[in-house]
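**Q** Produce the entire structure from the sequences given, and follow the hints as far as they go.
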Amino acid sequence: MVIMEQICQSYHMGLEAIQSLFTEEHLKSTVYIQQLEVENKQLKETVASLQMEIQKLQATAQKNSSNSHKPPSTDGCKKPITKSLRGKTG
Numbered sequence: 001m002v003i004m005e006q007i008c009q010s011y012h013m014g015l016e017a018i019q020s021l022f023t024e025e026h027l028k029s030t031v032y033i034q035q036l037e038v039e040n041k042q043l044k045e046t047v048a049s050l051q052m053e054i055q056k057l058q059a060t061a062q063k064n065s066s067n068s069h070k071p072p073s074t075d076g077c078k079k080p081i082t083k084s085l086r087g088k089t090g
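According to full-length UniProt numbering, the sequence shown is numbered sequentially starting from 1.
The hints are simulated quantities; they were obtained by calculation from the structure and are not laboratory data. Note that the coordinates shown come from a computational prediction; the quantities given were computed from them, not determined experimentally. A couple of the hints might just be wrong.
As the list claims (entries may be wrong) - In the DSS-like style, the derived pairs of lysine-lysine whose C-alpha atoms are separated by at most 25 Å in a straight line are: (1) LYS70 - LYS56; (2) LYS41 - LYS28; (3) LYS44 - LYS56; (4) LYS56 - LYS41; (5) LYS70 - LYS83; (6) LYS63 - LYS83.
To be verified - Quick list of simulated restraints, FRET-style, between CB atoms: (7) LEU15 - GLU53: 52 to 60 Å; (8) PRO72 - THR46: 33 to 41 Å; (9) GLU39 - LYS63: 34 to 42 Å; (10) LYS63 - VAL31: 44 to 52 Å.
Idealized CB from N, CA, C, for every residue including glycine.
**A** Structural data, given as structure tokens:
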């Protein structure tokens, strides 16, 4: 990062020193931006991969013995759904 003191020194050294300072800083910025772009691409790929994994896990979690070939023992501790909503009589 260019500080005011470096700019002042370059100013007193002349136009070529100022150009050199800014060219150097531009190059540093360009390299840094390229590094960030690579990192950003990697992070986007990771996010996409994790989103696919989440979708797979959610689909698996929604399956039970009534909508897949899983045995009823894998349904967990949920109370089974009754076939009739009418109450018992008598």
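**Q** Now tell me if each hint is right for this structure.
**A** A quick look at each hint next to the structure:
1. LYS70 - LYS56: 16 Å, holds
2. LYS41 - LYS28: 20 Å, holds
3. LYS44 - LYS56: Judged against 25 Å, a Cα distance of about 19 Å means the pair holds.
4. LYS56 - LYS41: Judged against 25 Å, a Cα distance of about 23 Å means the pair holds.
5. LYS70 - LYS83: 20 Å, holds
6. LYS63 - LYS83: 19 Å, holds
7. LEU15 - GLU53: 52 to 60 Å: 57 Å, holds
8. PRO72 - THR46: 33 to 41 Å: 38 Å, holds
9. GLU39 - LYS63: 34 to 42 Å: 37 Å, holds
10. LYS63 - VAL31: 44 to 52 Å: 50 Å, holds
Hint violations for this structure: none, all hints satisfied.
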